[in-house]
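**Q** Residues per chain, in single letters:
Protein chains: 2
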Amino acid sequence: MAIPVLLCAVLLVTSVLSSKSKYIQYNTTSTIVPGKLNVHLVPHTHDDVGWLKTVDQYYVGSNKYMQGACVQNVLDSLVPALLADKNRKFIYVEQAFFQRWWREQSEALQNTVKQLVNSGQLEFINGGMCMHDEAATHYIDMIDQTTLGHQFLKQEFGVTPRIGWQIDPFGHSAVQAYLLGAEVGFDSLFFARIDYQDRAKRKNDKSLEVVWRGSKSLGSSAQIFSGAFPENYEPPNNFYFEVNDDSPIIQDDTSLFDYNVPERVNEFVSAAISQANITRTNHIMWTMGTDFKYQYAHTWFRQMDKFINYVNQDGRVHALYSTPSIYTDAKYAANEAWPIKTEDYFPYADRVNAYWTGYFTSRPAIKGYVRVMSGYYLAARQLEFFKGKSASGPKTDSLADALAIAQHHDAVSGTEKQHVANDYAKRLSIGYTEAEKVVAASLACILEATSKTNCTSPKTQFYQCPLLNITYCPASEVDLSNGKNLVIVVYNPLGWKREDVIRIPVINENVGVRDSSGKEIQSQLLPILNASLALRNYHVKAYLGASPTVNPKYWLAFSVAVPPLGFSTYYISSAKQSGAATISDRKTAYQSGNQSQSIEVGPGNLKLVYSGNEGKLTDYINTRSKVKESIDQTYSFYVGYGNDGTQTSQASGAYIFRPNGTFPIKSEGKFPLTVLKGPIIHEVHQQINSWIYQTTRLYKGKEHAEVEFIVGPIPIDDGFGKEIATQIKTNLASNKTFYSDSNGRDFITRIRNYRKDWDLQVNQPVAGNYYPINLGIYLRDESKEFSVLVDRSVGGSSLVDGQVELMLHRRLLQDDGRGVGEALNETVCVNDKCTGLSVVGKYYLRIDPAEEGGGRWRRSFGQEIYSPLLLAFTQDEVGDNWTNSHLTTFSGMDSSYTLPDNVAILTLQELDDGKLLLRLAHLYEIGEDKDLSVMATVELKKVFPNKKIKQISETSLSANQERSEMEKKRLVWKVEEGTSQGPHVSRGGPVEAEKLVVQLAPMEIRTFILSF
Amino acid sequence: MAIPVLLCAVLLVTSVLSSKSKYIQYNTTSTIVPGKLNVHLVPHTHDDVGWLKTVDQYYVGSNKYMQGACVQNVLDSLVPALLADKNRKFIYVEQAFFQRWWREQSEALQNTVKQLVNSGQLEFINGGMCMHDEAATHYIDMIDQTTLGHQFLKQEFGVTPRIGWQIDPFGHSAVQAYLLGAEVGFDSLFFARIDYQDRAKRKNDKSLEVVWRGSKSLGSSAQIFSGAFPENYEPPNNFYFEVNDDSPIIQDDTSLFDYNVPERVNEFVSAAISQANITRTNHIMWTMGTDFKYQYAHTWFRQMDKFINYVNQDGRVHALYSTPSIYTDAKYAANEAWPIKTEDYFPYADRVNAYWTGYFTSRPAIKGYVRVMSGYYLAARQLEFFKGKSASGPKTDSLADALAIAQHHDAVSGTEKQHVANDYAKRLSIGYTEAEKVVAASLACILEATSKTNCTSPKTQFYQCPLLNITYCPASEVDLSNGKNLVIVVYNPLGWKREDVIRIPVINENVGVRDSSGKEIQSQLLPILNASLALRNYHVKAYLGASPTVNPKYWLAFSVAVPPLGFSTYYISSAKQSGAATISDRKTAYQSGNQSQSIEVGPGNLKLVYSGNEGKLTDYINTRSKVKESIDQTYSFYVGYGNDGTQTSQASGAYIFRPNGTFPIKSEGKFPLTVLKGPIIHEVHQQINSWIYQTTRLYKGKEHAEVEFIVGPIPIDDGFGKEIATQIKTNLASNKTFYSDSNGRDFITRIRNYRKDWDLQVNQPVAGNYYPINLGIYLRDESKEFSVLVDRSVGGSSLVDGQVELMLHRRLLQDDGRGVGEALNETVCVNDKCTGLSVVGKYYLRIDPAEEGGGRWRRSFGQEIYSPLLLAFTQDEVGDNWTNSHLTTFSGMDSSYTLPDNVAILTLQELDDGKLLLRLAHLYEIGEDKDLSVMATVELKKVFPNKKIKQISETSLSANQERSEMEKKRLVWKVEEGTSQGPHVSRGGPVEAEKLVVQLAPMEIRTFILSF
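So the protein lines, in turn, are chains A and B. Quick note: the first sequence uses UniProt numbering, first residue 1, plus one each step. Quick note: the second sequence uses UniProt numbering, first residue 1, plus one each step.
Among these hints, one or two may not hold up.
Since the list can't tell identical chains apart, any single copy or any two copies may satisfy a pair.
Straight-line distance between alpha carbons at most 27 Å, and here's what the computed DSS-like set of lysine-lysine pairs gives [claimed, not checked]: (1) Lys114 to Lys86; (2) Lys22 to Lys437; (3) Lys607 to Lys459; (4) Lys729 to Lys626; (5) Lys948 to Lys484; (6) Lys968 to Lys950; (7) Lys64 to Lys306.
Everything labelled a hint here was simulated from the structure, so no lab data went into it.
In isolation and in its complexed conformation, chain A is listed as follows (with noise of 0.2 Å):
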């Protein structure tokens, strides 16, 4: 026999169990109670619309060898849970993801969760279809996207979110505050990740909750209660209750062993002192749950159930199933004045040297991808307007859907697996080609001039080329010996006349141009290089598959003029008949660098000084406004850190930007500047080394340079990665300081090495000086302003005074240990042989002086960055008389109006009911223009001039509810004293009915429902 098992168990006849278990009904009616603290547990889900999985592979749970994560099984397993206990309560935010599967429900279970939403069960937060980006969005997209998820949920469920709920976003900007948060009509904000110092700080003064003002101009008027969490959006420490989870579960059967009432309820009381101790009023929130929790969603609520049972039997504290607005309106009751944060929460450290700055950049490709598509969406939704929204497809709706879920947080962003950047730009690519058609139809269509409403099958077909970035466009890229004319319809998305430089390839020099009206117009032929010929020729067969056939020999540029939502026509004809003179005139000069002199560019009033020698920039001159200013542009690279393999330091990586020294990269001198001359463009080339081409445009009729740049494949065979950076430096004496724009809407103050609310230690002197660049970034002096616009979201600085810097691209070998497990290695492959990613982009740049600004063109040519014309190709047949049978030119608009220079539609879409949404933004902060920063107004008659108005209803932002219902909800929250109220904010009036004028006070977008 044993000795020591029996001697053992001997010895412990002391822990004798309790007679035999029973069924226990758990108390979970608590409600809030006065003079407690209570403890908000707010069970939810946090579901990444892609990341490591693509968003379809999250929602049915493939993939599982990435990430087990299966967003069904949340919704699937939340119903039974809350229909087992009334009070329970459940919070969904991304709506990509529930539409996904309320699609696949049957009508009963649809029912059911009905019920579940009206009984307040489950509620609906944030309630865009995903929870977007702040640093790498466009505001109009976050506007977009959170609408379609509004439009869903009052549609089927009658609701209105209240609550902005962007917990896990890395860094929070102002226009997510005040435009995505007031705005939308929400009464808070939650999130978790804000700079590590700044949160020590507001733990230190209990101001982690605040009343957040994010715009200037609007002020006090779209401000919002926000509270960044204590830690993250995660349960505390020991709190996690997921399937396998190892928390310890509350184990109070008392015939079994291991009984730990008391333990957990000391642990529960614990932890929620200790968030009290930080915290204003006594209420605080436990964020109970993280990403893709809530798989079987009952093992967290029948945790939770036994805490509210046990701990309000124990009576220290006091906890509760709540939601977050449940939270919010106790925090409201509780009368308390908040502190004021003004600005933003950028950028975003969540520990020393660990600046979530690289992400600003990150995958720049998609970046310009989801830029361009947006301006795309919104020029298609007018036209599929004009034409009349086609029930039977083909829509704009499946670029809208893609668009949406791009605005994610590990999409734009470009945190997300190689393989979800993939399907971004698959699903993008789907919702373009169909969106592609809408376009052609409706402008066949327009053209026809048949009725606007009732086009069914147009005979104009029309080609658009969305690979011109590539000098790739089969449609103009023709013959055109046969006697047949290229027509191009050129299509302005915006709301004033506009003229601009457009460039096709043609394949030889016997071109000529006519205008709508059939007069012959100025054009201008460039040399297409063999460089950019190799480039367009294999990134085709990259990814068409196959080599383009014919090689285009010039880019064929000529001035277009187009009325406001509008288009005109141009005809490109053979022209061997029309001489060789008028050919010679349009062919470029050429010069060349390694000279001593000088070289000036510029075909107008703003000319750029090259260095003979060197070919370097030197000097910016505008003739007109008598600006001058020395100039220098350069590149560097930045290498990143943590490719010493050591697993303690922090590298470089998708989210975070960590430099280990920075390198010049100086142009290698044999490859010669070349300029090219026209009368309508002036071009610099300029070949940095083997991996940079740089090209500086400046056009007659503008006073900006376009610099565009092709950057890479980034070469790593040095076994380091690189993130390429170009400075572009004035002797601006910008005193550390420089402004950068809000998702390209409000521009904030940055100051170098500086923050305004806490005292900063500087540990990254670069990086920590990273903001986000939506539409520019801009300094000043005394005498001057220098802006630089860009094409897309990059992260930019101005790292020394009177300079800017922009980050354009980023090729890197060491994952920085935020999860998304990849290096940030971008390729493009041609049969399985791959190389670095090459980056195609445009920035423009401008000086004005002092007393003018920069603002007017900021914004307006901001706009048409935005908003490029929209180019579609057709051929007339032989002989046919196009002018005689279609419309050559038209405005959606009244042929004498304009929208004011301040005003632009920011959307014009035809909803499925029939009705319009239209939303109107001032463009103008106050005080950015002393002419422009006024209010504006709109006379709706002559923006839809054919159409009657029978009803015009002003919303939210997302159009979930009436904009006056909205105020009468408003909460009004008490802010400390001494806080200043800002300054006077104007807002436009009510539209009367009779006049249909809309107003626009500076900064202000107002959104209106039109029935016609």
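Following the hints, position chain B against chain A.
**A** Only chain B this time, still in chain A's reference frame:
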């Protein structure tokens, strides 16, 4: 703008999705289709009743750090999953878990579950408290734990499980098949683990499914259809659907990407066909689940719904929700002739060099404890019956529960983690402590001569000494000089009158012993050696927390005679006044080794001879039977493989015995052989080395030797794990053949390096010849039979002709890679200082002349080992006349009656409804003994002399159905032509209500429910 992503997208436009998804209703109504291959999907979970976590931890889901498993989740989530589709089915196995869960459910939910059981959606399979081990378990424990589970199912649900489901145990016993299978009334038995060579052959000739006749004696009357799974008890590869399993789910939403219905259907069909190729009939079973799966049952059922729907749409094979019962009925209906299987499936190797024969010995201490408790439980239930079961307790139920759980295949098997082993011991101890009170109260009631069925508060306080094995018995270590008597009540749980020697520690030599009649009887004092005291004091300190305060000086031994199912009383008193003469008589003669002459010991017929110089055992002589045999006994150790730390090699561990060389243990010489001789006992003490101590005992009235060993702490400072074996070598010409018991019941012929069922490829000549020993092992030649009996489950073999080897203890430093994740390195600690665990155990040996055979000894003495005399201690008052006021002898049976020598009472237990559960067992196999292998009879009237049997019904072995009903339902399987039907099988006839005489044929066990 970005190049590549844009292009990428364009390419992929072809994969346009279909329109929006919608709700899909899956067709799961399929039943068996005759012409097709039917794939029986059997949803199941395999829930270990303790392994890496304790049973309670598995149930509530705590300690997830050890393993992410929560049985509560399985059962919680199962109910809604079954309710969601009435075609879904599930089997549940382990009643220890199910009962925990059941007790915690509301009545409403219990009613729902009852409906699910009634409708057949939820079927209980196996139905014992656990899925017991089949190697280290005693058949009585197997019966008890099965009965406990089956009783509950019968009471709560009125159901009788139909199927044996031993899917995980590591090899399969004959007793499991015929006794716990056929005799329980099961229609089939399924399991997964058989030898890899056996499996390969069976796959090849389609003999994984057989008709198994496990008993030579009961033959076809106790056969059962049995199936070994083709691989394991899991689904085919890639068909796992736990929440985060990474098998591909069916993605059938055409509006999402990655639609994969055709691929998944193809994989299903291909896996089915590959299984059909090794299976007879067109029915195959897929075990859809594995360890602790279905934590969220929905995830499995959703996928299976889809498979059934789409596979049946496809039509190549036919899928259906099924259970092993449905599968068995389908097999039966196929009217196929099946191969016959006899004997068992031991030992089990899952691959070359990986024999799971280590666990036959792993944790010898807990194996011993289980066996002791098993015997105690049998006795305690008898006494509980005599007294009448108390509704308010104490009861034997918690010991029943603890013992039931301890039979689990990771409990008594020794393959659990250390903390789990501790938990089993704790449960046994708690159960024992309560049962001890039942025993004490019952004895007190009986001897106080109060009403036997209505005794509530007897005066006599009895103490028991469970730690006698380490010389610790506070009740006997008392000073009797005050004139009190130590009263010892000796209870005999066997149905025969019994004479035996008992021994108790006393603190001085001045003691005398009187029997029930008050007559002084012979006794013997044996000095307690310092080694025993050290062992005692260390372990009492280690496990009771404090050192004993007195030290006993002698073992007092004396012979006792006890009636069947009854007790005798003995009195120990101070013997100061009775003079030293008796004391000197009783004193022990000392004799030391190291002398040239041989030493002969033995107070009776049996003599053992030791060599004088070496102190080695040399001869075995029985003066009565004239047996004389050379005999040698040695110790050796195996060094466990895997100490080299290489990952690829198979280490020796808790499961696997993989020796890397064997090393003899030489007696170190410095410890002389010590012989203690007295009138009752002769003892030979041998200190084999510093960590092995052995005592050989010969008793006056007995013809066997008892060997007690203390092994440990096994040294490991050399870095080698060791497995300690003893070899007893005779000169018998056993011709490679030996016999080992099946779960303590039938003996099975073993032939070294040979398997009956296939042509064995020998790769482990030691480990591959090990078998589990529960009762004993023997071998024979033409003249003699050499038997060794054990006191617990151990591994053993005969590696050389004439020799028997037992493995006694194992201490290993490597994990063997089968999941437990710990090295089997048991320790015992005092004040945080730990030493290797020591094990105290016994084995017994005897050599009989061939014509007598050893069967009689093995069976009769085997019952005595299993059911030792139960000692209860108390003291009388000084001057009190115990005899006058107390019953001093008692028998539960008629005083003139005793059970025949070939019958034992396995169960005598009052049920909760007041009825009696009686199990009688014939102890002999056909041909085992010339006199006793015959039909036996038991006269129930004399077994229950004072009670009137109102009703008697014979039941299945687990007492959950009438035996006649069971026989009526039994499926009669066709076996392959040419298969012998085996010897004629006799069974006892029906019990006539008048006579109440039970007949028992050899090996028959009959179970009755009696009402009085």
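**Q** Against each hint, give a clear statement of whether it holds in the structure.
**A** Checked hints:
1. Lys114 to Lys86: This pair counts as both: shortest intra-copy Cα distance 14 Å, inter-copy 26 Å.
2. Lys22 to Lys437: For lysine 22 and lysine 437, only the inter-copy Cα distance (26 Å) is at most 27 Å; the intra-copy one is 66 Å.
3. Lys607 to Lys459: neither (47 Å within a copy, 118 Å between copies)
4. Lys729 to Lys626: This pair counts as within: shortest intra-copy Cα distance 19 Å, inter-copy 115 Å.
5. Lys948 to Lys484: Close neither inside one copy (41 Å) nor across copies (118 Å); limit 27 Å.
6. Lys968 to Lys950: within (25 Å within a copy, 85 Å between copies)
7. Lys64 to Lys306: between (31 Å within a copy, 19 Å between copies)
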